[in-house]
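S.K.: Next come the chains, spelled out residue by residue.
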Amino acid sequence: MAYDPKNPMKDRITDIGPRHYEEFMPPVIKKNFGKWLYHEILEPGVLMHKAESGDEVYTVRVAAARLMSIELIRDAMKIADKHCEGCFRWTTRNNIEFMVDNKSKLEPLKADLKANPMFPIGGTGAGVTNIVHTQGWIHCHTPAIDASGIVKSVMDDLFKHFQSMDLPAQVRIALACCLNMCGAVHCSDIAILGFHRKPPFVQHEVISSICEIPLAIAACPTGAIKPATVDGKKSVSVNGERCMFCGNCYTMCPAMPLMDAEADCVVIMVGGKISNRISAPKFSKVVIPMIPSNPPRWPEVVAAVRNILETYAKDANKYERLGEWAERIGWEKFFEKCNLPFDVKTIDDYTLAYNTLRTTTQFKFS
Amino acid sequence: MAKFKTPMLDELEKGPWPSFVTDIKRQAKTKPELEDLLGQVELSYKDKETHWKHGGIVGVFGYGGGVIGRYSDMPKEFPGIAHFHTVRVNQPSGLYYSTKYLGQLMDIWERRGSGLTNMHGSTGDMVLLGTTTDQLEEIFWELTHDLNTDLGGSGSNLRTPSCCLGMSRCEWACFDTQAACHHMTNHYQDELHRPAFPYKFKFKFSGCPNDCVAAIARSDMAFIGTWRDDIRIDQAAVGAYVNGELKPNAGAHAGRDWGKFDIVKEVINLCPSKCMSWDGKALKINNKECVRCMHCINVMPRALRPGLDKGCSILCGAKAPILEGQRLATLIVPFIKMEPPYEEVKALIEKVFDWWMEHGKNRERLGELIGRVGMREFLKAIEVKAIPQMVKEPRSNPYIFWEEADVPGGWTRDLAAFRKKHPL
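Note that the protein sequences, when read in sequence, are chains A and B.
Residues in the first sequence are numbered from 1 upward in steps of one, following this note's numbering.
Residues in the second sequence are numbered from 1 upward in steps of one, following this note's numbering.
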């Protein structure tokens, strides 16, 4: 029985949700569900979980580019079939995990993974794991930068940290190709953000026929867009001085594109965290308002990330996340130690700016 | 012989990190449309601008989301990707797959799409990246009929919920995150497939305050596991950490020699509520003072475990910066049991939905609405009593709103009588 385009409602199935995860969990996982006792990271990328029953499950974690072809997925499937009874999983940060229920199965699994350069083992503990990112030029209509290319460039440079656990604490890096920030970029140790710097075009002759103008006007967080009549047609005007290039209007209206190869750039933000461990979750903070975006390998971005990471790695205490370290030493010391200039653009002037200003005489001299 | 020269993309085949370029090139051998993708992306690398057009409405009948329309802005030069829509496939909770199931998905995709996927999208769905409009209903038919699998959500709807792997492998999971995620996804199918909300709404389920699914940063309702009784202590194991028999941190810091494990420096002194003590023999935790940050447990997993009276904290209102600024989710319910059929939780969810649907402006997230009208209105609508755990600190401006009914004598007053006492 196949889909009949002349009869789309016939035998139509909807609203059934996802397949049940219980079908896909390996036997050792199912058997010990909810009864795990402790875990150990045996080496970078290899975890062992011990169950109350005494059973063990060994997990090998490998990197993946998030963007994966069917062929590559089938390569991973072959390994899962050979070693893992046909079960495996992905992680929240786009890595792949292969599980075996016996230590004797571990080395053969690792050997097959090591034989494929697309499956490097690592991503655990106090290191740098996969970079959460989105579509960039591979698929998105709003990006200021690519995503996959920068992730590849940065992770090539930081690769040793994917396969070692020698940082003071884990460093979560995330990338957003534009201000929409798909993913948890606003709470990452290091965030790489694509940024536009020119206000949108307005295509006056078509805007009223392809957009709902009130939506475009309401979309602007700074009120920079106003209704206007241009050549007798209903349109809008954009106050460039009020624009902060977020592209929200373009999201609502195709007649207002804003990308620009000359001006689109990268912003680096640091110091965010999600977890509640020791200190409360924090937002990432802008520390480099503008780095040029230079494909194919973005050397300036790679260098900036490495500089911050290495400065943190040398100076922070064990367990200190990057943001906790910066707060302990004071942000003036962060800029000094990382040898980064401080610019007025790094001071908040948006809705919650007051909360970020220093309301004490406690400071360190530069 | 590749269709287009891609000297810039070729640079990204070098280096130890898995190369998406190498991957796409290999798949292009059986999927020639990917040659056009490589050509267009190479052009973007040269131009430093994307060549994808603004969305467009495509989908399957009866659903208002799950498919993202995408068109190349250079269809003559790159005809293979003139249409390149994505299909969001609702992932199994915890991202477990069997090779049989994934193989079947890949077989459908091989026949009907570009051969590229995202494992996974940011929200959690599996993304089938790149197909043409005429394939959408066919793909949906095969997913639902042959694989018993549905699409995920998009638009102003309930987005596909996601969760950490929870009790399937984590000793710290305080509730069954996968069961909760799967249940809520199925219970709210209508809200997921038929966008009727002011904007997007996200649920995320993390089993403990480590929050591996970043629920506190990006969900409108974050369900984060917790416990309310005492941390379980194995004193012998604590001793084993102290004397070096057991390596601390489950090996997470093993890459550097941080010196001998010092329980006072590394655990007692780092406790945010300073509720722990070590006298050389026994570790004591004043659990009433503990804020359950997970640090001590993360450091000594063989000695410390979460308590047994487990459940979930619910926090609301997280979002990324666009539009009004970023928000972390704020604590609303300190503790609720997360056990099927989750009636109490669903009752709360529905009150949140109802209030937000009624009062939210177009494209206003829950957190922004709470910011605009205030916690007082939110708590009144969801019928939750104000407690100090909801605030970091009480208000500093005393601009307190009172309702007439709560003030003795109401607001109507006798001016004449007043003036008699207090002439002008």
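Keep in mind that the hints were calculated from the coordinates and are not lab data.
Please note: incorrect hints may appear among the correct ones.
[Unchecked claim] With a straight-line Cα cutoff of 25 Å, these simulated SDA-like cross-link-like pairs (lysine to any residue) come out:
| id | chain 1 | residue 1 | chain 2 | residue 2 |
| --- | --- | --- | --- | --- |
| 1 | B | Lys200 | A | Lys318 |
| 2 | A | Lys318 | B | Ala405 |
| 3 | A | Lys78 | A | Leu37 |
| 4 | A | Lys160 | A | Glu40 |
| 5 | B | Lys76 | B | Gly56 |
| 6 | B | Lys53 | A | Pro221 |
| 7 | B | Lys361 | A | Ile217 |
| 8 | A | Lys82 | B | Lys100 |
| 9 | A | Lys103 | B | Leu246 |
| 10 | A | Lys333 | B | Lys200 |
| 11 | A | Lys198 | B | Met74 |
| 12 | B | Lys247 | B | Cys275 |
| 13 | B | Lys380 | B | Arg419 |
| 14 | B | Lys392 | A | Arg328 |
[Stated by the list, open to error] Not everything, but these chain B residues come out facing chain A in the computed CB check (under 8 Å):
| id | residue |
| --- | --- |
| 15 | Leu12 |
| 16 | Phe61 |
| 17 | Arg169 |
| 18 | Leu323 |
| 19 | Phe335 |
| 20 | Lys337 |
| 21 | Glu404 |
Bear in mind that the values here come from a model prediction, so they are computed numbers and not experimental data.
C-beta: ideal position from N, C-alpha, C; glycine also.
S.K.: Would you mind confirming whether the straight-line C-alpha gap from Lys76 (chain B) to Gly56 (chain B) stays at or under 25 Å?
M.R.: Roughly 19 Å between the alpha carbons, so the hint for Lys76 (chain B) and Gly56 (chain B) holds.
S.K.: Between the alpha carbons of Lys247 (chain B) and Cys275 (chain B), is the straight-line distance 25 Å or under?
M.R.: holds (23 Å)
S.K.: Tell me if the interface restraint on Glu404 (chain B) is satisfied: Cβ within less than 8 Å of some Cβ in chain A.
M.R.: The hint is violated - Glu404 (chain B) has no Cβ within 8 Å of chain A, the shortest such distance being about 32 Å.
S.K.: With the threshold set at 25 Å, check whether the alpha-carbon distance from Lys198 (chain A) to Met74 (chain B) stays at or below it.
M.R.: Distance ~23 Å between Lys198 (chain A) and Met74 (chain B) Cα, so the pair holds.
S.K.: Would the stated hint for Leu323 (chain B) survive a check requiring a Cβ distance to chain A of less than 8 Å?
M.R.: holds (4 Å)
S.K.: Does Leu12 (chain B) pass the interface check with chain A, least Cβ-Cβ distance below 8 Å?
M.R.: holds (5 Å)
S.K.: Next pair to validate is Lys53 (chain B) with Pro221 (chain A); report whether the Cα-Cα distance is within 25 Å.
M.R.: Answer holds: Lys53 (chain B) to Pro221 (chain A) is near 23 Å, not above 25 Å.
S.K.: Does the CB of Phe61 (chain B) sit less than 8 Å away from some CB of chain A?
M.R.: holds (5 Å)
S.K.: Would the stated hint for Phe335 (chain B) survive a check requiring a Cβ distance to chain A of less than 8 Å?
M.R.: Violated, because the Cβ-Cβ distance from Phe335 (chain B) to chain A comes to roughly 15 Å (cut-off 8 Å).
S.K.: Is Lys103 (chain A) within 25 Å of Leu246 (chain B), Cα to Cα?
M.R.: holds (20 Å)
S.K.: Please verify that hint: Lys337 (chain B), Cβ, nearest Cβ of chain A, below 8 Å or not.
M.R.: violated (15 Å)
S.K.: Taken at face value, is the distance from the CA of Arg328 (chain A) to the CA of Lys392 (chain B) at most 25 Å?
M.R.: holds (20 Å)
Hint violations for this structure: numbers 1, 2, 3, 10, 13, 19, 20, 21, all remaining hints satisfied.
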